Amino acid sequence: DVVLTQTPPTLSATIGQSVSISCRSSQSLLDSDGDTYLNWLLQRPGQSPQLLIYSVSNLESGVPNRFSGSGSETDFTLKISGVEAEDLGVYYCMQATHAPLTFGSGTKLEIK
Amino acid sequence: QIQLVQSGPELKKPGESVKISCKASGYTFTNYGMYWVKQAPGQGLQYMGWINTETGKPTYADDFKGRFVFFLETSASTAYLQINNLKNEDMATYFCASPHHWGQGVMVTVSS
Numbered sequence: 001d002v003v004l005t006q007t008p009p010t011l012s013a014t015i016g017q018s019v020s021i022s023c024r025s026s027q028s029l030l031d032s033d034g035d036t037y038l039n040w041l042l043q044r045p046g047q048s049p050q051l052l053i054y055s056v057s058n059l060e061s062g063v064p065n066r067f068s069g070s071g072s073e074t075d076f077t078l079k080i081s082g083v084e085a086e087d088l089g090v091y092y093c094m095q096a097t098h099a100p101l102t103f104g105s106g107t108k109l110e111i112k
Numbered sequence: 001q002i003q004l005v006q007s008g009p010e011l012k013k014p015g016e017s018v019k020i021s022c023k024a025s026g027y028t029f030t031n032y033g034m035y036w037v038k039q040a041p042g043q044g045l046q047y048m049g050w051i052n053t054e055t056g057k058p059t060y061a062d063d064f065k066g067r068f069v070f071f072l073e074t075s076a077s078t079a080y081l082q083i084n085n086l087k088n089e090d091m092a093t094y095f096c097a098s099p100h101h102w103g104q105g106v107m108v109t110v111s112s
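Protein chains in written order, with our numbering: chain A, 1 to 112; chain B, 1 to 112.
Careful: at least some of the hints might be erroneous.
Stated by the list, open to error - Non-contacting residues of chain B with respect to chain A, defined by C-beta distances greater than 10 Å in every case (computed):
(1) Lys19
(2) Lys23
(3) Tyr27
(4) Tyr32
(5) Thr59
(6) Glu73
(7) Ser111
As the list claims (entries may be wrong) - According to the in silico footprint, chain A covers these stretches of chain B (three or more CB under 8 Å from chain A):
(8) 43-53
(9) 97-105
Calculated from the structure, these hints are not laboratory results.
Since this is a predicted model, take the numbers as computed values, not measurements.
Built from N, CA and C at the ideal position, the CB exists for glycine as well.
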């Protein structure tokens, strides 16, 4: 199975600060169809996960554009440009290129 | 708008069965597969498998072969997860998800 390693495990940020989360894959996530099925999810406390970014860098409808995704092959980054209070929670990367689908272990974002 | 609405919390005894529903609305049910994800208390996300909503064919992740059953009621745009012979380690929140949307989750408590 593909292992997704997220760093850091926890992140503490002030309002307005920009932060990045890394997701490294144990194998390339470039699919034979040319797409890379690496998504980012946010799970706020007590809520279900919500999709933020799909296929590396595509912003899900309704998600603020302070969120952005980048990367390729095995190395991916989620950036929040100007953290807001509502951004606290656990961020997960998720890959769907290789079966079975797998998740990273999560990065908990705390607001200072 | 697209919604996945799951059934309510469950309290069961070890050895019993539980059936969780996930009703989809706002899109054509058979256009997207339905995924199931387990989240044990305080833990991350674990992929359980998915069901092809066009054919009804389920695919189970290795850890979920045997006691876990995915099935559909297509006429009601509803997917189901049934867990048989419940064990203590099944105590968790179970989410259904289409590629871009998640249900609110169902907490299953297993206690004698």
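Going through the hints against the structure:
1. Lys19: Given that every Cβ of chain A is farther than 10 Å from that of B/Lys19, nearest at about 19 Å, it holds.
2. Lys23: At about 15 Å from chain A, B/Lys23 clears the 10 Å cut-off, so the statement holds.
3. Tyr27: 13 Å, holds
4. Tyr32: 12 Å, holds
5. Thr59: 8 Å, violated
6. Glu73: 22 Å, holds
7. Ser111: 21 Å, holds
8. 43-53: holds (count 6)
9. 97-105: holds (count 8)
Violated hint: 5 only; the structure is consistent with all others.
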